[in-house]
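K.L.:
Spelled out from the first residue to the last, the chains are:
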Amino acid sequence: MNFGFLVGVFGVLILSHAAYSTIQYRGLLKIMEEEFSRPPINVILELIIGLALCMWAALTFPGKFLSIHPDSDENRAVSLPDNSDFMIFNHRGRLFPPEIDMKF
Amino acid sequence: MLVSSSKITRAREMVTKTEEKQLNQLEIQVDNGGGGTWEYLCLVRNLKLRRSEKVLKHGSSILNDPRKRSALGPYEWTLNEQVAIAAMDCQCLGVAQSCIKALQKKFPGSKRVGRLEALLLEAKGLWGEAEEAYASLLEDNPLDQAIHKRRVAISKALGKPSIAIELLNKYLELFMADHDAWRELAELYLSLQMYKQAAFCYEELILSQPTVPLYHLAYAEVLYTIGGVENIISARKYYAATVDLTGGKNTRALLGICLCASAIAQLSKGRNKEDKDATAAPELHSLAAAAVEKEYKQKAPDKLQLISSALRILKT
Chain A
1 MNFGFLVGVF GVLILSHAAY STIQYRGLLK IMEEEFSRPP INVILELIIG LALCMWAALT
61 FPGKFLSIHP DSDENRAVSL PDNSDFMIFN HRGRLFPPEI DMKF
Chain B
1 MLVSSSKITR AREMVTKTEE KQLNQLEIQV DNGGGGTWEY LCLVRNLKLR RSEKVLKHGS
61 SILNDPRKRS ALGPYEWTLN EQVAIAAMDC QCLGVAQSCI KALQKKFPGS KRVGRLEALL
121 LEAKGLWGEA EEAYASLLED NPLDQAIHKR RVAISKALGK PSIAIELLNK YLELFMADHD
181 AWRELAELYL SLQMYKQAAF CYEELILSQP TVPLYHLAYA EVLYTIGGVE NIISARKYYA
241 ATVDLTGGKN TRALLGICLC ASAIAQLSKG RNKEDKDATA APELHSLAAA AVEKEYKQKA
301 PDKLQLISSA LRILKT
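Line order of the protein sequences matches chains A and B. Each step along the first sequence adds one to the number in this note's numbering, with nothing skipped, and position 33 is 33. Each step along the second sequence adds one to the number in this note's numbering, with nothing skipped, and position 250 is 250.
In case anyone wonders, no lab produced these hints; they're calculated from the structure. Accuracy of the hints is not assured; some may be wrong.
Straight-line distance between alpha carbons at most 27 angstroms, and here's what the computed DSSO-like set of lysine-lysine pairs gives [said to hold, decoys possible]:
1) Lys17/B x Lys64/A
2) Lys111/B x Lys48/B
3) Lys237/B x Lys17/B
4) Lys54/B x Lys17/B
5) Lys103/A x Lys57/B
6) Lys68/B x Lys103/A
7) Lys106/B x Lys103/A
8) Lys315/B x Lys297/B
9) Lys103/A x Lys54/B
10) Lys101/B x Lys103/A
11) Lys48/B x Lys106/B
12) Lys273/B x Lys237/B
13) Lys249/B x Lys48/B
14) Lys57/B x Lys106/B
15) Lys54/B x Lys21/B
16) Lys48/B x Lys21/B
17) Lys64/A x Lys249/B
18) Lys21/B x Lys297/B
19) Lys315/B x Lys303/B
20) Lys68/B x Lys106/B
21) Lys17/B x Lys48/B
22) Lys276/B x Lys237/B
23) Lys124/B x Lys103/A
24) Lys101/B x Lys111/B
25) Lys105/B x Lys103/A
26) Lys64/A x Lys21/B
27) Lys54/B x Lys124/B
28) Lys124/B x Lys106/B
29) Lys54/B x Lys68/B
30) Lys17/B x Lys57/B
Note that the structure is predicted; figures quoted are calculated from it, not measured.
Construct the complete structure from the given sequences, taking the supplied hints into account.
P.N.:
Here you go:
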């Protein structure tokens with residue numbers, strides 16, 4: 001398990017803890033019969049930290065991103081496939097067959 | 001030996017740089033006796049390349065070893081087919097015959113094996129029997145694309161390109177979306193120097209697959225060959241499109257731009273200044289020349305002098 005994965009798990013735990021705190025806070029407000037406008041400041045801070053950790057883990061854990069540009073150096077077209085549907089066999093190479101023996 | 005079916009790449013319309021690098025790496029590895037034979041054969045099959053000698057050598061080494069052959073499982077028969085075709089290309093007809101016999105035993109009465117047998121007749125040079133075999137196969141399924149294409153190939157092999165063109169035109173009336181057939185028709189027309197018809201074929205290819213830069217390149221070359229200021233201006237546009245689609249790494253397209261610019265300047269010598277300025281594209285020309293010199297500096301520095309003087313002559 002590498003570092004990115006652990007950070008991701010940690011971020012998810014922080015987010016779920018923030019969710020649980022918000023639910024508890026709402027329950028408390030229901031008892032005190034007050035309006036629920038937004039979660040308390042520390043929960044918001046926790047949410048932001050959890051977001052940052054999860055985003056960092058999501059970008060580093062999967063490894064190397066592949067290029068999607070069709071004209072990037074990896075994806076550019078170099079040649080077309082040889083048209084083997086129309087392949088003909090009477091070329092000069094047929095005078096030099098390689099020595100292959102078959103045993104099956 | 002692992003049968004890594006998960007690594008089988010999907011066949012695509014063109015060969016990319018990474019695939020070419022991977023192929024070369026695998027080829028060197030396999031030739032020097034390292035493993036990876038099956039991956040190499042799968043890659044060659046998926047990229048539809050014609051490496052018949054290597055496929056024959058390494059494929060038959062797998063098929064000769066009964067342990068490796070049984071490790072392949074169901075892919076043994078695909079390998080048989082691949083080795084049979086490669087053997088026919090290298091004129092090792094005995095090998096091809098044994099592969100086809102093995103396939104016949106496993107799949108009796110199969111149309112795919114019937115096609116392979118007719119292909120073997122072609123490779124032996126028995127054109128008449130091959131034609132009959134294809135005709136009888138066509139009776140059972142008259143819309144088999146591969147058989148129609150093989151009949152075109154027979155006419156091509158007999159040295160009758162006009163008949164091949166006729167057959168191919170009839171085939172394309174039925175199967176208009178077959179890119180390989182359009183490519184083949186374009187090449188046949190080019191071999192007969194019928195450039196306008198070849199240009200039409202390349203236009204069809206560009207329409208159906210506008211992201212393949214090599215069709216743009218071929219079209220530009222045909223236009224440049226036909227000549228005339230209008231055609232060369234169009235050719236320059238298509239060379240520029242190729243440069244765009246390949247990220248500037250296609251040296252042929254860059255040189256094409258320089259040549260087009262020089263040809264336009266020469267052909268429009270008699271015109272007045274405004275016309276000349278409208279058709280000239282000096283920035284494009286100088287950028288392309290600079291890109292060519294950079295490529296040569298990287299890849300062939302001893303030829304840099306040569307190309308610089310050639311480009312200088314083109315600029316004047």
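K.L.:
Look at each hint and say if it fits the structure.
P.N.:
Comparing the hints with the structure gives:
Proposed proximity of Lys17/B and Lys64/A is supported: the alpha carbons are some 18 angstroms apart, at most 27 angstroms. With a C-alpha separation of about 21 angstroms, the suggested pairing of Lys111/B with Lys48/B holds against the 27 angstroms cut-off. Pair hint Lys237/B plus Lys17/B holds up; C-alpha atoms about 24 angstroms apart against a cutoff of 27 angstroms. Proposed proximity of Lys54/B and Lys17/B is supported: the alpha carbons are some 21 angstroms apart, at most 27 angstroms.
As the CA atoms of Lys103/A and Lys57/B are separated by approximately 13 angstroms, the hinted pair is consistent with the 27 angstroms bound. Note on Lys68/B and Lys103/A: the hinted pairing holds, with a Cα-Cα distance of about 13 angstroms set against a maximum of 27 angstroms. Between Lys106/B and Lys103/A the CA atoms are separated by roughly 18 angstroms; this keeps the pair inside 27 angstroms, and the hint holds. A distance of roughly 19 angstroms separates the Cα atoms of Lys315/B and Lys297/B; the hinted pair therefore holds under the 27 angstroms criterion.
Distance restraint check for Lys103/A and Lys54/B: the Cα-Cα separation of roughly 18 angstroms lies within the 27 angstroms cut-off, and the hinted pair is therefore satisfied. For the proposed pair Lys101/B and Lys103/A, the alpha carbon gap of about 13 angstroms is at most 27 angstroms, so the pair holds. For the proposed pair Lys48/B and Lys106/B, the alpha carbon gap of about 25 angstroms is at most 27 angstroms, so the pair holds. A distance of roughly 21 angstroms separates the Cα atoms of Lys273/B and Lys237/B; the hinted pair therefore holds under the 27 angstroms criterion.
For the hint pairing Lys249/B with Lys48/B, the CA-to-CA distance comes to about 23 angstroms; that is within 27 angstroms, so the pair holds. Note on Lys57/B and Lys106/B: the hinted pairing holds, with a Cα-Cα distance of about 23 angstroms set against a maximum of 27 angstroms. The hinted pair formed by Lys54/B and Lys21/B meets the criterion: a straight-line CA distance of about 17 angstroms does not exceed 27 angstroms. With a C-alpha separation of about 16 angstroms, the suggested pairing of Lys48/B with Lys21/B holds against the 27 angstroms cut-off.
Our distance criterion of 27 angstroms between C-alpha atoms is met by Lys64/A and Lys249/B, whose separation comes to about 24 angstroms. For a cut-off of 27 angstroms, the pair hint linking Lys21/B to Lys297/B stands: about 22 angstroms separates their Cα positions. Taking the CA atoms of Lys315/B and Lys303/B, the gap is near 19 angstroms; set against the 27 angstroms cutoff, the hint holds. Distance check on the hinted pair: Lys68/B and Lys106/B sit about 18 angstroms apart at the alpha-carbon level, within 27 angstroms; holds.
Restraint check: the Cα-Cα separation between Lys17/B and Lys48/B comes to about 15 angstroms, which is no more than 27 angstroms; the hinted pair holds. Between Lys276/B and Lys237/B the CA atoms are separated by roughly 17 angstroms; this keeps the pair inside 27 angstroms, and the hint holds. Between Lys124/B and Lys103/A, the direct Cα distance comes to roughly 22 angstroms. Compliance with the 27 angstroms bound is thereby established for this hinted pair. Taking the CA atoms of Lys101/B and Lys111/B, the gap is near 14 angstroms; set against the 27 angstroms cutoff, the hint holds.
In summary, the hint linking Lys105/B to Lys103/A is supported, as the alpha carbons are separated by about 16 angstroms, within the 27 angstroms threshold. Between the alpha carbons of Lys64/A and Lys21/B the distance comes to roughly 18 angstroms, so the proposed pair stays at or under 27 angstroms and holds. With a C-alpha separation of about 21 angstroms, the suggested pair Lys54/B and Lys124/B falls inside the 27 angstroms cut-off, and the hint holds. Between Lys124/B and Lys106/B, the direct Cα distance comes to roughly 24 angstroms. Compliance with the 27 angstroms bound is thereby established for this hinted pair.
Of the supplied pair hints, the one linking Lys54/B and Lys68/B holds, its CA atoms being roughly 18 angstroms apart against a limit of 27 angstroms. For the hint linking Lys17/B to Lys57/B, the alpha-carbon distance of about 25 angstroms falls within 27 angstroms, and the restraint holds.
The structure fails none of the hints (numbered hints given earlier).
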